[in-house]
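Heads up: the protein sequence lines correspond to chains L and F, in order.
So for the first sequence, our numbering puts the first residue at 292; every next one is plus one.
So for the second sequence, our numbering puts the first residue at 3; every next one is plus one.
Do not rely on the hints blindly, as some may be mistaken.
[Unchecked claim] Once the Cα atoms are required to be at most 27 Å apart in a straight line, the calculated BS3-like pairs of lysine-lysine come out as:
1. L:K308 to F:K46
2. L:K488 to F:K238
3. F:K219 to L:K488
4. F:K46 to F:K145
[Stated by the list, open to error] Here are the computed distance ranges between Cβ atoms for each label pair:
5. L:E319 to F:P28: 52 to 62 Å
6. F:E42 to L:A443: 53 to 63 Å
7. L:L340 to F:M372: 34 to 44 Å
8. F:S6 to L:I458: 20 to 30 Å
9. L:I458 to F:Q280: 57 to 67 Å
10. F:K145 to L:P346: 31 to 41 Å
11. L:G525 to F:P28: 48 to 58 Å
12. L:L340 to F:K202: 38 to 48 Å
These are calculated hints, taken from the structure and not from any lab test.
C-beta: ideal position from N, C-alpha, C; glycine also.
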Amino acid sequence: MKNIFVLVKQVPDTETKIIPKADGSYVEVTNIKWIMNPYDEFAVEQSLLIKTAFPECNVTVVRVGTVSDNECLRTAMAMGADDAILVESEGLIDSFTTAKAIKGAIEKSGRTPDLILSGKQAIDDDALQVPQLLAGLMNLPSVSVVVGFEVAGNVVKLKREVEGGSIEIYELNAPLVVACNKGLNTPRYASLPGIMKAKKKPLAQYKLSDVGVSASDTKVKYHGFQLPPEKPAGKKFDAMDDAKAGAIVKDVVGLLRNEAKVI
Amino acid sequence: MDFSLSSEQKEYQELALKFAKNEMIPNAAKFDESGEFPKEIFEKAWQAGLLNTCVPVEYGGAGFSNLDAVLIGECLAYGCMGMNSSMMANDLALLPIVIAGTAEQKKKFLTPFTEKFLLASFCLTEPENGSDAAGIKTSIVDKGDHYEVNGNKMWITNGGYADLYVVYGTKDASLKNKGISCVVVPKGTAGIEIGKKEDKLGHRASDTRAITFNKVKVPKENLLGKEGEGWQIAMKTLDHSRPLVAASAVGGAQRAMDLAVKYALERKQFGKSISEFQAVQFMLAEMGMRTEASRMLVYQAAWMADQKIRNTKVASIAKAMASDGLMQTATDAVQIYGGYGYSKEYPIEKIFRDAKLLQIYEGTSQIQRMVIARELLRSN
């Protein structure tokens, strides 16, 4: 285990109130406080746990995004990552373009990845695509929703959560792409001395064109952003009176069938 | 004049606030209720480098300025003023060593605090000497090859958990402030008697005890500065620590104000949000006025300490303004909450109780006014 790359994304703070722009072209970003995508924190922490066990390991964090509010790369380095790569993008780009940019950035670093880690999804667009697309582009195996992680030499043993609460166990050879889920570990705080040290760690900066991405790579066109319609108030049924139970059940079934159309 | 913080300082704030929101706020009510000592939380804070901000780089610390320290302290107090008392007490106890210790003493006493999680106590106040600190009766007497410490100390923060005690005593009480010396007493030294934990109105997570020194032998090399310099050391320590205490009051006030604003927007009476009533708006506006003005004074007092400009007057103004302001803000916040503000179900009740101590410890609001008046009068 020598080179670990961790993908991080900057997303609006979980407490942010999302407001679409007046023209619907995107959401208002002027008052947003940016944080590291919480799932990516699990990926950063995992890379640092591996680095503790294999001190020769180099951890590089990679982000595609705008230059402003670039704090999450600094945060990752303050937590303990060795260096960072920023691929500068303007405006909205889709998951495929992002994955292609990351592939280009990793290749440009000159280091061959043994492990690529990311969060299982970003909490802003919830696309759940970049790790898998990147694995496809790089011809690497990938596992997502990972909650258990062991490294023994070149072999990586993973636990993956599947529907219904079962766990799948994987054993793979590096290199590979792993997308991490909550429960994998407890991310550390970036310590204050770590924040000071992070200032001196290298941050490479590329444009999309530097990493082999062109405008024609875009697969998704964004037509507009709007809030989902407000939920109408729920209906209440007084089921305390046993005598009325029959009538109420009939009523509810009728509504589910004719109004909600779920049965 | 530049009011902007550096990008590092903003990151320190962000980290401290994240810690306050994730670790302190969710646990504050629990430790307030039980009065238990939240040692695990303090240990986590230590791991994140949030404790012992006064330790210089040469001794393993981060080398923070006083301004850095107040920025961090404000955020921690936002999380819980009670917990922050314990965290701040470490700096209060280590500052005399930073200020007056020899290189050897600093290495011996400060470095361990950067290597593992340890707590310390500052022992000045006595049962009969609070505001009249120069009148302390604890004795520190030269016994040839060692000093002997005898006396009672009161309201000692971290008293039950301290790894070292920084103790002030006199060789002759009639000499008043000129007779006072300051020594470092390691924990476990024979004759240290630790009293029971005080059952307090607020700051219940912080460990406060009476400590008795009964014929405690202290090695001569543990004397800070020279014999009789204890009072100067204590005063210099307070010049540094007053901005920290004032910052704690600002953090508490900010929390009370944030809660009051949020509740005023949520609560409806007479068919509309109570935030639409001018009576409520004025209370909120005054909270903003007091908190922001206090914060600027705290920054100024800390900045002066960093520039080595005598800050006695400004630090006292900051401490008095911030703590009196906090008390009023907490009182008004409870008022905005109405009946709910009086219930332990809502966090403002605890903040109201915690607020009171800020007007009492580290120089009461009245002592601050005496200092301010003295400074004003002597400049004429």
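- Hint by hint, which ones does this structure get wrong, listed from lowest number up? 1, 2, 3, 4, 5, 6, 7, 8, 10, 11
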